[in-house]
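Chains as they are written, first to last, in numbering that gives the first Met the number 0: chain A, 0 to 688; chain B, 0 to 688.
One should not assume that every hint holds.
Copies of the same chain look alike in the list, so a pair counts if it works inside one copy or between any two.
[To be verified] Distance condition first, Cα-Cα at most 20 Å in a straight line; then the derived SDA-like pairs of lysine to any residue: (1) Lys318 - Val177; (2) Lys420 - Val454; (3) Lys615 - Leu413; (4) Lys622 - Leu510; (5) Lys230 - Glu504; (6) Lys478 - Phe459; (7) Lys509 - Met619; (8) Lys531 - Thr593; (9) Lys239 - Pro322; (10) Lys487 - Gly515.
Derived by calculation from the structure, the hints in this document are not laboratory data.
2 protein chains.
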Amino acid sequence: MMVTLRKQYVVSRPVYSEDSLAEDHEKIHRKHKALMEHVKEYLTSCDANRAKKAVVSVLPVIGWMRMYRVREWLLGDVVSGVSTGLVAIMQGSFPVLSLMVGAVVTRLVPEDGPHANITDFEGLTQDQQRVLVASSVTFLMGIFQLAMGVLQVGFIVVYLSDTLVSGFTTAAAVHILVSQLKFVLGLSVPGINGPLSMIYTLEKIFVQITSTNICDLVMSIVIMVVVFIVKELNDRYRAKLPVPIPIEVIVTVIACGVSYGFNFEKRYDVEVVGTMVKGYEPPIVPSVQVFQESAAEAFPVAIVGFTVAFSVAKVYANKHDYPIDGNQELVAFGVSNMFGATFRSFAASTALSRTAVQESSGGKTQVAGLISAMMAMIVTVALGFLLEPLPRSVLGALVIVNLKGMLMQFREILYLWRRDKPECVVWVGTCLGAILLGLDFGLAVGLGIELLTVVFRTQFPRCSILANLPGTDLYRDQKDYPLVCEPKGVKIFRIPSPIFFANIEFFRNKLVEAVGFNPLRVLRKRNKALRKIKKLLQKRDPGITENGLEDLFWTATNDPEENTEVLELPADLKELPFQMNWSAELPSEFSVPTVNLHSLILDFSAVSFLDISAMKGLKMALKEFTRVDVDVYIVSCDALIMEKLHSCMFFDDEIRTSMFFPTLHDAMLDVLEKHQDNSTGSVLKDTKL
Amino acid sequence: MMVTLRKQYVVSRPVYSEDSLAEDHEKIHRKHKALMEHVKEYLTSCDANRAKKAVVSVLPVIGWMRMYRVREWLLGDVVSGVSTGLVAIMQGSFPVLSLMVGAVVTRLVPEDGPHANITDFEGLTQDQQRVLVASSVTFLMGIFQLAMGVLQVGFIVVYLSDTLVSGFTTAAAVHILVSQLKFVLGLSVPGINGPLSMIYTLEKIFVQITSTNICDLVMSIVIMVVVFIVKELNDRYRAKLPVPIPIEVIVTVIACGVSYGFNFEKRYDVEVVGTMVKGYEPPIVPSVQVFQESAAEAFPVAIVGFTVAFSVAKVYANKHDYPIDGNQELVAFGVSNMFGATFRSFAASTALSRTAVQESSGGKTQVAGLISAMMAMIVTVALGFLLEPLPRSVLGALVIVNLKGMLMQFREILYLWRRDKPECVVWVGTCLGAILLGLDFGLAVGLGIELLTVVFRTQFPRCSILANLPGTDLYRDQKDYPLVCEPKGVKIFRIPSPIFFANIEFFRNKLVEAVGFNPLRVLRKRNKALRKIKKLLQKRDPGITENGLEDLFWTATNDPEENTEVLELPADLKELPFQMNWSAELPSEFSVPTVNLHSLILDFSAVSFLDISAMKGLKMALKEFTRVDVDVYIVSCDALIMEKLHSCMFFDDEIRTSMFFPTLHDAMLDVLEKHQDNSTGSVLKDTKL
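Input sequences plus hints: build the corresponding full structure.
Here it is as structure tokens:
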């Protein structure tokens with residue numbers, strides 16, 4: 000229910016301009032801190048307490064372990080951990096990172112031809128060299144990430160807006176979908192990296208589509224349908240089920256059994272997981288020479304690895320409403336990559352597929368991750384042989400069916416298009432860019448588009464002409480209200496965004512459109528007419544006065560100072576002994592447009608900043624109006640902008656501080672006071688004693 | 000003089016919330032035009048009149064020729080035209096474009112080795128092949144520019160802010176300064192293109208600095224000093240001199256004579272202009288094959304050529320206060336490049352050096368350009384031999400001394416640093432980028448930095464806490480005024496910029512800072528305390544009430560609906576038969592922070608847009624406050640934003656439209672009404688009957 004307020008609002012105070020307000024209400028002279036002072040203050044405030052907080056913030060495990068709710072969360076974590084673990088064992092790492100690191104490996108240790116000139120390679124087999132390169136790149140990537148986390152540059156994640164992340168992760172899901180297609184179809188397609196790689200991969204798949212392994216395909220389709228249905232049931236009966244049905248585990252076990260029993264590998268030529276390396280190898284020292292060779296490539300790997308993981312994390316953080324901290328994530332990635340690399344591990348990022356499995360099978364905390372890691376350890380050491388007959392197509396099918404949630408994000412296109420076109424463009428641009436150009440370039444493209452939308456939104460806002468709501472001191476867009484009061488000769492123009500280099504011309508055009516005439520053109524026509532008149536006067540032609548020119552003259556100019564200011568006349572026209580009355584009817588030979596505006600009020604309340612490049616344009620625009628005798632008022636101007644105008648010498652004889660007023664109504668009352676003779680909206684007078 | 004206004008401002012109207020205002024003042028339901036309707040409207044409004052205007056706008060020569068003021072402008076134009084013509088004849092084209100086109104030429108027709116496989120080359124000498132490539136690239140560049148002009152994409156020039164242009168042209172001046180050094184020193188240095196080319200050029204110069212030709216150096220220094228002094232005199236006695244002294248022409252003539260008389264070329268090994276090709280060659284047909292080979296390179300040439308010329312034009316347009324139109328310039332460049340290319344001309348852009356000569360020697364209109372072109376024509380056809388003995392170092396010295404104005408722009412660094420740090424960063428970034436990376440990459444870097452400043456300015460604005468100016472309905476930053484009234488339990492927080500994905504977290508942090516507590520933390524602590532209490536209640540421990548816990552309970556909950564909304568409690572805590580009174584003193588075992596705030600007013604007047612990504616964060620922030628029993632008010636919210644909030648389902652049971660108020664004072668009066676018992680600022684009461 001709406002609550003209607005019917006209390007009375009009564010204000011009685013002087014009409015203020017900013018100047019007179021400053022007289023009545025003394026302002027404190029504040030010195031703003033310089034940049035160095037801010038830095039100094041920040042450094043001196045780095046005390047023990049802060050350090051402790053910082054440590055806890057990078058080691059959050061201490062925090063959440065204390066809060067673990069065993070009864071509520073443990074069961075889900077265990078089920079989810081087991082499911083994820085199963086998928087994790089048999090799936091490779093995140094495909095994009097694999098391809099990026101793989102590119103470095105292939106460059107430094109090519110299949111054939113001479114490898115790079117690195118002494119650390121001596122005495123190693125080609126496979127060992129490759130492992131060394133991969134683990135060194137991973138280590139270097141960890142160093143970069145740790146450094147970024149320590150330097151607190153995790154703030155860059157604020158630029159990963161929900162919209163961008165949604166488009167980006169959808170594209171990642173499409174990439175994974177395509178990468179799993181070959182397993183589902185039982186085809187063999189090499190990994191391709193770089194722009195348009197997805198197109199090439201699809202091309203390679205379609206070329207050999209006739210070689211599809213029917214057994215793989217049928218099995219995959221059956222599994223996808225079954226898992227999909229069970230997952231829907233899990234969703235629907237979430238409240239009634241003690242724990243979601245672990246359908247992935249069940250399917251995997253059945254598939255293993257069936258594949259082993261009917262000997263799929265031999266009989267139907269199905270590709271199976273096969274023999275896994277057992278046990279663990281000793282640690283390895285990363286090669287500094289490889290660091291030097293691959294620094295330029297390791298940095299984008301570090302960025303992409305982190306960004307992809309963070310953006311996936313953000314999707315779930317949004318869904319489950321918890322905060323995540325970029326710096327903390329960076330430190331975590333950095334440390335785990337450096338630690339892992341010494342044990343020959345591969346670059347860590349996110350596995351979108353496994354994340355989806357973990358979440359949709361009910362995992363709540365890092366305990367699920369721990370369990371899936373333990374699963375992987377147990378399996379690789381002891382139980383690996385049990386999974387050897389599992390067809391790869393089963394894994395592919397499980398991954399694809401779990402991408403459903405991510406791919407459903409495509410629905411956002413329509414949602415965004417209806418509500419906010421620029422964001423729709425960001426979504427589609429990021430998604431298309433990431434699909435076509437690859438995740439690294441796609442991310443850059445998405446970020447670029449996203450930042451441009453901020454510029455565009457401030458650059459092309461919707462301007463409006465305001466008018467008074469009768470009986471109040473409120474002013475609203477006159478197009479929105481049928482009964483508004485706009486006194487004759489007054490225009491209130493609202494500038495609805497910051498003013499800066501890219502939109503000052505836009506505003507000048509909109510202003511000309513709003514008032515209905517171009518002040519510069521009027522000024523030029525007037526000057527031309529004046530030159531004509533001067534010529535006529537110089538000729539001392541007695542016929543002029545009869546032609547009605549006398550009407551144009553005022554008898555005398557009281558304030559010669561003022562006169563020179565009113566129009567920017569060429570120097571030799573200054574000597575004119577009269578001032579023109581431009582509102583009078585002029586003879587047709589002087590085609591000077593009439594100006595039926597005496598006051599222009601600019602509402603600056605939404606002008607959050609004003610840059611120096613735009614200031615010149617603004618000043619010119621204001622001068623053009625004052626020179627055709629229109630009084631300009633600026634209202635609700637921010638105090639910071641006022642300061643800046645002063646420091647940039649904005650004010651002179653024509654542009655004075657007296658044109659600034661605190662509210663629209665103050666300015667309007669001042670206008671009405673000055674033009675009492677004009678007919679004014681009677682309703683407006685109600686509010687004025 | 001300040002004018003003090005002492006008229007009375009009296010307003011008496013109901014206190015409005017946005018909802019009650021809508022009841023009293025009916026709003027028109029406006030349907031906003033969809034994108035397609037705008038396009039359709041634009042297309043249907045393309046009539047004959049518009050077409051005529053468009054034609055005139057691309058052929059402005061018709062306009063300005065009618066307005067030419069012979070007596071005022073002609074003399075200056077002639078002097079300037081002659082001076083510029085002299086420099087033009089003997090100076091190459093704009094160095095950067097020369098290098099860019101040169102790169103294409105060298106690629107397609109290398110000095111040695113096989114040239115590109117282009118059949119059009121058959122039967123041509125190497126020089127002729129090179130001319131063909133250069134003119135074809137120029138033609139293609141013209142096509143690109145004309146197309147851009149016709150497609151009206153000249154609007155991109157709005158992104159060339161004064162600051163960016165100033166930094167960019169300063170860098171261009173530095174490039175030219177360096178390119179002339181070799182002439183002044185009499186050294187021979189090959190042209191280098193690409194990033195860091197200036198460093199390499201300087202390196203090459205300094206390596207052979209000992210081979211400096213002393214005659215060239217002395218002559219250059221003498222000329223620079225003389226020309227500099229004469230130009231200063233021209234400036235100082237501008238009013239008295241009928242026309243500026245044409246010092247460049249005088250110096251050139253003297254230098255020619257002296258060089259010829261003393262046979263500088265032979266005696267001092269001075270490099271002279273030497274024999275010029277006489278007459279004109281027949282037109283040439285551009286090669287379509289070269290188009291295909293060089294399209295990717297011609298496009299950046301077209302962009303850089305236009306941008307450099309436009310930015311130089313803008314410097315002078317600012318100085319002399321006339322407008323320039325990007326599309327018109329594009330059409331002009333496109334046509335002249337296409338026309339010129341068929342006559343074997345080179346890519347046209349600006350010549351910063353000659354522009355500077357033309358302006359500082361008094362040229363006013365395109366007539367000066369015409370005269371300098373005619374000069375060039377006459378000289379190349381007839382008088383060329385007279386200039387043959389002119390030392391190149393003299394020309395270099397003349398160019399360098401004319402760069403003074405451009406280089407003086409370095410002073411802007413200090414000016415901008417004092418007034419607007421982001422713009423200073425743009426200036427320095429553009430200038431450094433263009434100096435080090437070359438003009439093409441430098442322009443891209445500058446544009447990137449410039450657009451980022453727009454994002455940064457909106458991302459990190461200065462937030463403020465407002466308070467009432469006693470005796471008025473005005474609210475200002477409480478830090479600015481010593482005597483302000485801030486009623487107890489009320490905070491007015493002003494959000495001074497648009498709200499979008501990149502700053503929503505910033506605002507949430509600032510808001511927490513402003514109110515002095517984190518509502519989420521308070522909420523969590525409260526929930527924890529409630530869980531504790533519930534446990535105690537479940538144990539039915541009779542000791543609890545004695546421990547003072549009874550104080551925590553309200554007797555009964557009148558509105559059970561309301562109760563479930565107040566706190567987001569875990570489901571099983573909903574059954575609590577009481578509501579907490581959190582302002583009461585709690586036993587120390589419940590460490591719940593006290594909240595001494597009952598109302599939070601957010602001033603949205605400067606929020607010019609709100610994106611969907613930020614909306615979720617905003618909603619969460621608002622909910623956090625309402626859930627710790629703080630009434631949230633949003634005032635002066637833009638009508639468009641309100642519409643968007645509605646269309647995006649922003650409102651629900653917790654976030655209602657009734658929290659929106661038209662002005663700060665309306666909201667404050669509503670707060671005071673609700674909390675009459677609290678002590679309020681007595682001055683505020685003055686304004687309220």
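Status of the hints after comparison with the structure:
1. Lys318 - Val177: Neither: 26 Å inside a chain and 59 Å across chains, both beyond 20 Å.
2. Lys420 - Val454: Both, since 14 Å and 19 Å are each at most 20 Å.
3. Lys615 - Leu413: between (42 Å within a copy, 18 Å between copies)
4. Lys622 - Leu510: Within one copy only: 13 Å inside a chain, 40 Å across chains, cut-off 20 Å.
5. Lys230 - Glu504: neither (57 Å within a copy, 35 Å between copies)
6. Lys478 - Phe459: Cα proximity of Lys478 and Phe459: one copy only (19 Å, versus 33 Å across).
7. Lys509 - Met619: within (15 Å within a copy, 37 Å between copies)
8. Lys531 - Thr593: within (18 Å within a copy, 78 Å between copies)
9. Lys239 - Pro322: Classified as neither: same-chain Cα gap 29 Å, cross-chain 73 Å, threshold 20 Å.
10. Lys487 - Gly515: within (14 Å within a copy, 49 Å between copies)
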